[in-house]
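With the hints as constraints, model all of the structure from the sequences given.
Chains as they are written, first to last, in the numbering used here: chain C, 1 to 200; chain G, 1001 to 1237.
It is possible that part of the hints are untrue.
Here are the computed lysine to aspartate or glutamate pairs in the DMTMM-like style, where the Cα-Cα straight-line distance is at most 25 Å [to be verified]:
no.	chain 1	residue 1	chain 2	residue 2
1	C	Lys146	G	Glu1030
2	C	Lys30	G	Asp1072
3	C	Lys57	G	Glu1056
4	C	Lys57	G	Asp1072
5	C	Lys12	C	Glu79
6	C	Lys194	G	Glu1030
7	C	Lys70	G	Asp1011
8	C	Lys70	G	Glu1056
9	C	Lys127	G	Asp1059
10	C	Lys69	G	Glu1014
11	C	Lys127	G	Glu1030
12	C	Lys163	G	Glu1056
13	C	Lys69	G	Asp1065
14	G	Lys1074	C	Glu39
15	C	Lys146	G	Asp1003
16	C	Lys57	G	Asp1059
17	C	Lys73	G	Asp1211
18	G	Lys1043	C	Glu185
19	C	Lys70	G	Glu1037
20	C	Lys69	C	Glu79
21	C	Lys91	G	Asp1065
22	G	Lys1043	C	Glu135
Read the hints as simulated data drawn from the structure, not as lab findings.
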Amino acid sequence: MSIQKLNIAQQKVLIAHLKQGGDKMSESMKTLYQNYHYENYLDQYTIEYNTSIAETKDFLQEAFITFIKKAKKPSFTLEKDVNVYITSIAKNLIQNHSRRIKTLALESNDQKEYGVSEPPSILYLKKETQQALKEIMAQLNPKCRKLLRFWSHGYSYDEIARKLNFTSGSRARQQKHRCMQSLLEYLPLFPQLKDFTYGG
Amino acid sequence: MEDNDMVLLQDYLEGVLGSTQKKAVENRLESDAEFREKLVQLKLARHIISAEEDMELLDIMHQVDASRQANDHKQNDNEKRVASFNRKWIIATVLAGLIVILFSILIRLQKIDKGMIAQDLLIKEKSFAERGNESVNLDSIIEVQYIIPMKNIRELALEQKYDEALSGLDQIDLGYPNIIQNKEYTRALLLYLKNGRNDPTFHTILNKILDDPTHSCYSLATQLDSRVNNLWGRLKG
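Below, the structure written as structure tokens:
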């Protein structure tokens, strides 16, 4: 299947769909990823930043995830080609990583031991943790899941109320508290998530 | 039923509490272990929400990557198939070419080289012309000076008039390699038959030469058994 390169106008529509949530969001993420040919940057970045191909691939994929999260935020507006955003995020990720490695190399072992470790990215989560995450969220009703996602993207309660047809922002807020509480009620069923932290 | 502590802590995490309420929550967090545990739980829930959503994105990425890989494999397979098809055709073409060349060599070996004869005949042609004859056709010279005498020799051989056949053979004076060769084999075979060695193999070969005198008997000669080779050796000696 060949994917035609998207122009800025088409990309803007996809970003708007991302913000809408639901099926359109999933479709948009898929189309944007199909349009993102990270393999084109693999060799260049691997040589430029002296990393391995596997590492560069992870950074380029993580950059895509980071971009999608940024793009979902209500304040985000697309001004350039999506690939420009993603590649600049990827470059930052790689540069930060190299800087961190250099700093660690300069530190003593004791400092390393007590140094602050970064929470893992979604790319490096264990399979069983990934499965548990899917299962625990599947316990919630679809409206709750949507609400929590909008809330997690930084939408105000008024915006959430409009999107999900609540009478007011405060109703949306109450509902969010309930959804959060029911999520917490399911937690004991998933002991593998007991100490779960996520930096995404 | 809503847990008021949880509502309070969610507001605290969202940063929507006033300064007095915030201070009160922080003081309680220091002293109340259960309240602290609830905050930990809420933070965990926020991590789960955030991660689960990224999981959906990751699943989509995996699907797209898998479909890309499948497409790449398909493309590679197609390229391999085309390359193998091309390779087969190249081999077939080369083989066909070789076969054609081989056949043309064989055919050339089997035929009397008219070009060579023509070159040598130029002198004769010239002398014919000098003597006032009309221009002479190469085929007619071969017909008159070689093919017709060979046919006569065949008739004589069938009538077992080997001496006359041998003397007819001597009168053929076209000195071209294939003709000389055919003459020599014919002479050997005639002598052999004349001496009463009535071997069917020799009859066959002689007939083949005399049936088509333009045919080079080289390939026939190479098939002769050792008896003929010995005879040929003795005659040469």
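Results of checking the hints against the structure:
1. C/Lys146 / G/Glu1030: violated, 34 Å
2. C/Lys30 / G/Asp1072: holds, 18 Å
3. C/Lys57 / G/Glu1056: holds, 19 Å
4. C/Lys57 / G/Asp1072: With Cα atoms ~17 Å apart, C/Lys57 and G/Asp1072 stay inside 25 Å; holds.
5. C/Lys12 / C/Glu79: holds, 9 Å
6. C/Lys194 / G/Glu1030: Given that 25 Å is the threshold and the Cα spacing comes to 22 Å, the pair holds.
7. C/Lys70 / G/Asp1011: Holds: C/Lys70 and G/Asp1011 sit about 23 Å apart, inside 25 Å.
8. C/Lys70 / G/Glu1056: holds, 16 Å
9. C/Lys127 / G/Asp1059: Distance ~12 Å between C/Lys127 and G/Asp1059 Cα, so the pair holds.
10. C/Lys69 / G/Glu1014: Roughly 19 Å between the alpha carbons, so the hint for C/Lys69 and G/Glu1014 holds.
11. C/Lys127 / G/Glu1030: violated, 36 Å
12. C/Lys163 / G/Glu1056: holds, 21 Å
13. C/Lys69 / G/Asp1065: holds, 20 Å
14. G/Lys1074 / C/Glu39: holds, 18 Å
15. C/Lys146 / G/Asp1003: Roughly 22 Å between the alpha carbons, so the hint for C/Lys146 and G/Asp1003 holds.
16. C/Lys57 / G/Asp1059: holds, 16 Å
17. C/Lys73 / G/Asp1211: violated, 101 Å
18. G/Lys1043 / C/Glu185: Holds - the C-alpha atoms of C/Glu185 and G/Lys1043 are around 14 Å apart, at most 25 Å.
19. C/Lys70 / G/Glu1037: The hint is violated at about 31 Å.
20. C/Lys69 / C/Glu79: Distance ~16 Å between C/Lys69 and C/Glu79 Cα, so the pair holds.
21. C/Lys91 / G/Asp1065: holds, 21 Å
22. G/Lys1043 / C/Glu135: holds, 19 Å
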